[in-house]
Amino acid sequence: MSKHDDEGIPSRRRFLQKTLSLIPLAAAGSGVAALASPDAHSAAQNEGVSAHYVPTFFNNDEWRFLLAATDRLIPTDENGPGAVSEGVPVFIDKQMELPYGHGHLWYMQPPFADAVPELGYQSSLVPRETYRRGIRAINDHCQRQWQKVFADLTAAQQDDLLNQLESGKLTFAEVPGVLFFTQLLDNTKEGYLADPLHGGNQTLASWKMIGFPGARADYPQAMDAPNKPYPLGPVSISGKRSV
1 MSKHDDEGIP SRRRFLQKTL SLIPLAAAGS GVAALASPDA HSAAQNEGVS AHYVPTFFNN
61 DEWRFLLAAT DRLIPTDENG PGAVSEGVPV FIDKQMELPY GHGHLWYMQP PFADAVPELG
121 YQSSLVPRET YRRGIRAIND HCQRQWQKVF ADLTAAQQDD LLNQLESGKL TFAEVPGVLF
181 FTQLLDNTKE GYLADPLHGG NQTLASWKMI GFPGARADYP QAMDAPNKPY PLGPVSISGK
241 RSV
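Quick note: the sequence shown uses full-length UniProt numbering, first residue 1, plus one each step.
Simulated from the structure, these hints should not be mistaken for lab results. Take the hints with a grain of salt, since some may be wrong.
[As the list claims (entries may be wrong)] Mimicking BS3-like on lysine-lysine, the simulated pairs with C-alpha atoms at most 27 Å apart in a straight line are:
id, residue 1, residue 2
1, K228, K208
2, K94, K240
3, K148, K169
4, K240, K228
5, K94, K208
6, K208, K240
[Stated by the list, open to error] Here are the in silico distance ranges between beta carbons for each label pair:
id, residue 1, residue 2, range
7, W146, A217, 49 to 55 Å
8, K228, N59, 45 to 51 Å
9, I237, A51, 21 to 27 Å
10, N60, R144, 16 to 22 Å
11, D160, P229, 35 to 41 Å
12, F212, K169, 31 to 37 Å
Cβ atoms here follow ideal geometry from the backbone N, Cα and C, with glycine treated the same way.
All chains, please: the whole structure from these sequences, using the hints.
Rendered as structure tokens:
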């Protein structure tokens, strides 16, 4: 898993730059290959703002999975803090208690059928159900294979399982593996790039990485300097600024 692309730009930075234009559209694909780093610290060592958070939707086993999985998708490395320390699991947990988590933002009546992504969400499962069924299925699979749950596997084993889910090689009767991976990856990216008001991106690290100014009110000096990086740090909706 290369940390830099052919042009010498850190892969995570380039991936997030491309992702910013896609959210909130479904954007699965190349997630683990682009983001995971074999020498990243474990989630337990980098929990940051997630360490003292008590989830309202996820139970303990599900929360441990979420910490481990999001840590593999966006690990802490030389480019900056990872998903866990930035509060991405917190963001996802909060989303599960909002209309989004209950599927109230979509038309959720039958018939349900496979279709191209351009036709919108097609599953009968709302995000809450997708997470609950998917995490249980993956932990059961891990127990059969290694007598351990996902959170207790090595980083290499976790990466391999996530790659299998993404490619469709690993799937389950209760939830398609690709559907679960897409849900997890989309929410991880959204949380990492969201305003801190929603739980993730607590130090504005991703905005600093991609050069996004955030909720600043005006940009007169930027208009007089086209094609030059914006000189000021990002600001959140609540007025929080990067350090």
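Please flag the earlier hints that this structure goes against, numbers listed from lowest up. none
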